[in-house]
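*Asks:* Residues per chain, in single letters:
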Amino acid sequence: DSGVTQTPKHLITATGQRVTLRCSPRSGDLSVYWYQQSLDQGLQFLIQYYNGEERAKGNILERFSAQQFPDLHSELNLSSLELGDSALYFCASSPTGQGNYEQYFGPGTRLTVT
Amino acid sequence: AQSVTQLGSHVSVSEGALVLLRCNYSSSVPPYLFWYVQYPNQGLQLLLKYTSAATLVKGINGFEAEFKKSETSFHLTKPSAHMSDAAEYFCAVSRSGTGGFKTIFGAGTRLFVKA
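So the protein sequences, as listed, match chains A and B. Numbering of the first sequence is given in the working numbering, commencing with residue 1 and proceeding in unit increments. Numbering of the second sequence is given in the working numbering, commencing with residue 115 and proceeding in unit increments.
Possibly wrong hints are sitting among the right ones.
Quick look at which bits of chain A chain B covers, simulated, 3 or more residues with Cβ under 8 Å [to be verified]:
(1) 68–81
(2) 84–98
(3) 102–110
No wet-lab data here; the hints were simulated from the structure. Glycine residues also receive a C-beta, built at the ideal position from the N, C-alpha and C atoms.
The task is simple: from the sequences and hints, build the whole structure.
*Replies:* Written out as structure tokens, the structure is:
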């Protein structure tokens with residue numbers, strides 16, 4: 001158990017809908033990362049937050065947004081969903097925003113868009 | 115732009131045989147390098163990391179990796195494979211740039227272990 005929790009575990013929704021994925025980092029970790037894992041694109045970095053502020057951005061679509069709250073939990077919002085958004089979404093946390101620290105991954109949320 | 119290349123999307127070894135999973139990175143400066151493992155239906159977990167200390171890094175479960183700057187490689191090895199090592203392995207590189215640190219993961223190598 002990494003100490004990172006993600007909810008829900010599974011999510012099935014229709015095209016055009018909007019969903020929110022939630023992540024609670026390990027106790028004490030200030031940085032949260034979001035990743036998308038799919039068979040065709042592998043593990044893609046989406047976005048990083050550090051202590052409530054956006055720190056780095058990856059291949060995140062404009063239909064997707066995220067935020068980190070004062071209690072350090074984070075939410076990833078996916079809107080106008082398309083079939084291609086079906087994937088595993090992972091949240092990870094680390095003590096700082098520095099690259100020399102490993103990331104601790106949650107169990108993931110499996111999103112299925114029908 | 116930095117990138118990570120894992121040679122071989124699938125590797126199959128016999129139980130007790132040497133495991134060698136290859137990773138090459140492209141970076142103009144020495145980056146931070148990581149190997150993660152993902153078991154079925156689980157998140158990734160850290161095996162080991164290189165952060166500019168010793169070039170030979172020992173990790174969990176008997177794995178180790180050697181940083182070779184001249185070859186821009188960070189290959190993962192284990193002397194003797196166990197059935198429980200069957201999983202997907204990801205090499206990752208992290209370094210600073212505009213917009214903070216970014217971690218780039220390789221495409222992954224799935225390790226099969228035959229009895």
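*Asks:* Could you run down the list of hints and mark each one as holding or not?
*Replies:* Hint check:
Counting residues of the stretch 68–81 of chain A whose beta carbon lies closer than 8 Å to any beta carbon of chain B gives 0, which falls short of the minimum of three for the stated coverage. With a cut-off of 8 Å between beta carbons, the stretch 84–98 of chain A has 4 residues touching chain B; three or more are needed, and the interface restraint holds. Counting residues of the stretch 102–110 of chain A whose beta carbon lies closer than 8 Å to any beta carbon of chain B gives 7, which reaches the threshold of three, so the coverage claim holds.
Violated hint for the displayed structure: number 1, the only one.
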